[in-house]
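Model the full structure from these sequences, guided by the hints.
First to last, the sequence lines map onto chains A and U.
Here the numbering used here runs 1410 ahead of the position in the first sequence, where the first position is 1.
Here the numbering used here runs 1410 ahead of the position in the second sequence, where the first position is 1.
Some clues are possibly wrong.
What the hints assert, rightly or not - Not close to chain A: a few residues of chain U, all C-beta gaps over 10 Å, as computed:
no., residue
1, Asp1425
2, Ala1448
3, Gln1479
4, Val1483
5, Lys1499
6, Pro1514
7, Asp1547
8, Gly1550
9, Val1563
10, Leu1568
11, Pro1572
12, Gly1577
13, Pro1578
14, Ala1599
Said to hold, decoys possible - For the chain A half of the interface with chain U, some residues (derived, Cβ under 8 Å), not all of them:
no., residue
15, Met1411
16, Leu1432
17, Ser1453
18, Glu1490
19, Val1576
20, Asp1595
Read the hints as simulated data drawn from the structure, not as lab findings.
Note that the Cβ used here is the ideal one computed from N, Cα and C, for glycine as well.
There are 2 protein chains.
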Amino acid sequence: MRTFAVVGHLAPTGDGFTLDDLPGAAGRMDILCRCVNAALSISHGIRRDAEIHLILLGPPSPPKDLLIQGSAVRSLSPDERSTAALLRKALALPTGDTFRESSPGILVRRGGLAGLVAEGGYAVLSKDGRDMRTLTDLPGGVLLSDHLDFTAVEEELLAGLPRISVGPRVLQADQAITVLQNELDRREAGWI
Amino acid sequence: MRTFAVVGHLAPTGDGFTLDDLPGAAGRMDILCRCVNAALSISHGIRRDAEIHLILLGPPSPPKDLLIQGSAVRSLSPDERSTAALLRKALALPTGDTFRESSPGILVRRGGLAGLVAEGGYAVLSKDGRDMRTLTDLPGGVLLSDHLDFTAVEEELLAGLPRISVGPRVLQADQAITVLQNELDRREAGWI
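Shown next as structure tokens:
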């Protein structure tokens, strides 16, 4: 299983946002939608062996952990607006400490970065990390941030985790996921 | 200069499309917007050394060649809707055989794939191509298609061009551009 987790520092935790302004009023939900696409979609298909957590920290009731599972998700289109509509539906659900399914493969729970880190297996995607191509084993899970840096409190949670880098330029979150997926594809197919 | 060119087989050649349905009514304009982002945007910045042609073949007046130049473009946001709005503005301009600027770094002309291929320097991104990582020199320009395969007529135009592949899985057009940009970044920075 390939697991990704992205922290959306401003992303809404309720369904009261408009699909017409994902970057602004919806707290950069556009970034998170692109990350879902990078993690789960390929040409004319879904990566059934991948999943992505979106850790949402914006108003009105943070933190929430939205989980989209490639193994089960249906009607996932690659465009931002359709994906945002699907996520918004999940954010309308009342949340507890365990995951609750909104539609097939889309689940939501109350929970933030600390809980996810405690589950183990993550590395942090970072410009200061070790080049992914030089690593013998790639991590099963990768954590990254949206357009904002991790806060000091978050960095403390992540302090013990390995750090990996996808390349010399600092990419957008979804671009970094795409590059990492390609490296994983290559290793799986023996293209290295 | 890194040049990309994407053929949008259904993409509108006029400004009469809605931003609320880029995948449907707007002929998969969402794909082209993501390609612009992959070609030109990085985290908090624009790739000034890159440009992308969008070859639009949908109604009402195909073909059109939209050129977005990283060296000059301003107010380019990574989200699909903002990018589509910017492109739509350019599609309102009357077009001739030479490029006309709609806003800084966004130009439009009447013209299709044949003209672009005639300008030279392109390779075709294809699942049957040679693995980019094995090539000593990467091409200066790369041509690819949207969600549809190249037509038989287009394949004839492309017959003499080299073909390269970015990996073992067939990716979405923008994902392929992102992976290729990473390879180019690595070579430029001596990370290989």
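Given hint A/Met1411 near chain U, where the shortest CB pair must fall under 8 Å: Hint on A/Met1411: violated, closest Cβ of chain U at ~16 Å, above 8 Å.
Satisfaction of the A/Val1576 interface hint, Cβ to chain U closer than 8 Å: Interface hint status for A/Val1576: holds (7 Å vs cutoff 8 Å).
Restraint outcome when A/Ser1453 is required to lie within 8 Å of chain U by C-beta distance: At about 4 Å, which falls below the 8 Å cut-off, the nearest Cβ of chain U leaves the hint on A/Ser1453 intact, so it holds.
Outside-interface status for U/Gly1577 - nearest CB in chain A farther than 10 Å: 5 Å, violated
Interface-negative label, U/Ala1448 against chain A, beta-carbon threshold 10 Å: Its Cβ does come within 10 Å of chain A, the nearest being 7 Å, so this is violated.
Check on U/Val1483 being off the interface with chain A, judged by Cβ distance over 10 Å: Non-interface label stands for U/Val1483: nearest chain A Cβ at 16 Å, farther than 10 Å.
Closest CB of chain A to the CB of U/Val1563 still more than 10 Å away: Answer for U/Val1563: holds, closest chain A Cβ roughly 22 Å.
Verdict on U/Pro1514 as a residue remote from chain A, using beta-carbon distances over 10 Å: Per Cβ check, U/Pro1514 is outside 10 Å of chain A; nearest 20 Å; holds.
Interface-negative label, U/Pro1578 against chain A, beta-carbon threshold 10 Å: 4 Å, violated
U/Leu1568 and chain A, when compared Cβ to Cβ, separated by more than 10 Å: 18 Å, holds
Nearest-CB test (10 Å) between chain A and U/Gly1550: 19 Å, holds
Non-interface label on U/Lys1499, tested against every C-beta of chain A at 10 Å: Label holds. Min Cβ-Cβ 17 Å, cutoff 10 Å.
Hints 2, 12, 13, 14 and 15 from the list above are not met by this structure, while the remaining hints are.
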